[in-house]
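Enquirer: If you read the protein sequences in the order shown, they are chains A and B.
Offset between the first sequence (1-based) and the working numbering: plus 243.
Offset between the second sequence (1-based) and the working numbering: plus 243.
Rather than coming from a laboratory, the hints here were simulated on the basis of the structure.
Incorrect hints may appear among the rest.
One copy or two, it doesn't matter: identical chains are merged, so the pair holds either way.
Claimed, not checked - Dumping the calculated DSS-like pairs for lysine-lysine here, alpha-carbon to alpha-carbon at most 30 Å: (1) Lys297 x Lys266; (2) Lys338 x Lys297; (3) Lys266 x Lys338.
Predicted, not measured: the structure shown is a model, and the values here were computed from it.
Protein chains: 2
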Amino acid sequence: MIGPHPTGGYILEELSVGMTAEKHVTVTEERIQRFAEASDDFNPVHVDEAFAAKTAYRGRIAHGLLSASFGSAVVGTILPGAGAIYLGQTLTFHKPVRIGDVVTARATVASIDTESARVVLRCAALVGDEVVMDGEATVRVPRRRRPAKA
Amino acid sequence: MIGPHPTGGYILEELSVGMTAEKHVTVTEERIQRFAEASDDFNPVHVDEAFAAKTAYRGRIAHGLLSASFGSAVVGTILPGAGAIYLGQTLTFHKPVRIGDVVTARATVASIDTESARVVLRCAALVGDEVVMDGEATVRVPRRRRPAKA
Numbered sequence: 244m245i246g247p248h249p250t251g252g253y254i255l256e257e258l259s260v261g262m263t264a265e266k267h268v269t270v271t272e273e274r275i276q277r278f279a280e281a282s283d284d285f286n287p288v289h290v291d292e293a294f295a296a297k298t299a300y301r302g303r304i305a306h307g308l309l310s311a312s313f314g315s316a317v318v319g320t321i322l323p324g325a326g327a328i329y330l331g332q333t334l335t336f337h338k339p340v341r342i343g344d345v346v347t348a349r350a351t352v353a354s355i356d357t358e359s360a361r362v363v364l365r366c367a368a369l370v371g372d373e374v375v376m377d378g379e380a381t382v383r384v385p386r387r388r389r390p391a392k393a
Numbered sequence: 244m245i246g247p248h249p250t251g252g253y254i255l256e257e258l259s260v261g262m263t264a265e266k267h268v269t270v271t272e273e274r275i276q277r278f279a280e281a282s283d284d285f286n287p288v289h290v291d292e293a294f295a296a297k298t299a300y301r302g303r304i305a306h307g308l309l310s311a312s313f314g315s316a317v318v319g320t321i322l323p324g325a326g327a328i329y330l331g332q333t334l335t336f337h338k339p340v341r342i343g344d345v346v347t348a349r350a351t352v353a354s355i356d357t358e359s360a361r362v363v364l365r366c367a368a369l370v371g372d373e374v375v376m377d378g379e380a381t382v383r384v385p386r387r388r389r390p391a392k393a
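Generate the whole structure from the sequences, applying the supplied hints.
Expert: Here's what the structure looks like:
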């Protein structure tokens, strides 16, 4: 398990297959509300307990992309971190995530193409031992640090 | 172009390949801030103008999953709308999205598997005529409306 790089981001030469980073985020009512405000997605299954209670989910669930965003936060702030350019993401949703769930978002370097500087990270979101979501992030990683400008 | 279904969501039998829905969302500083709070992704390229100005982007950009969430809002609230169960999403990011950009999020029914009740929607986010992001959403759609419980 690795932590954030002191400079804010890892460069291509510092990465190796198998490096892993994770963070834990508690899904709160406030996070769901903030996500609804950001995305303009006020689907009642996310924001209306009375409506959601009558659905197959039997209660409110978090937006799928909210759980996904915890993984993208790992990729963008820890591994490879700032400097990486997000090119793509695949996501498969396995289980709903609910208010009070503590989501572990984990990213693991799966492959590195040194020629194109493209790195694929395997991403997973877990609640307890259960994988609720997984997928792959593809990023381009800088080969050297950008010198700070005065 | 179709609008939200009066019941909140389309059922499988009401969908046909080619149906399209879209919405327009202006990316504001407030949306980016809300998304950062929801996701815990405070990557300075999104929230720190002074930092972002020194990167290859030459200024702050929106979180990739924020633009993606506008598309997922179309899928979850218009087409097929409430009742659809999100199974998966692929995303390819083509261009950064900036504060002040008006994003058109569009979803089009690409294929319907009546056996499994799985529907694939082609999703695109545009700024002006330019596709900034695209991908596919896979959802399971109910065959009939769930009767409201008393």
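Enquirer: Please go over all the hints and tell whether each is borne out by the structure.
Expert: How the hints compare with the structure:
1. Lys297 x Lys266: between (33 Å within a copy, 27 Å between copies)
2. Lys338 x Lys297: For lysine 338 and lysine 297, the Cα distance is within 30 Å only inside one copy (18 Å; across copies 40 Å).
3. Lys266 x Lys338: both (19 Å within a copy, 28 Å between copies)
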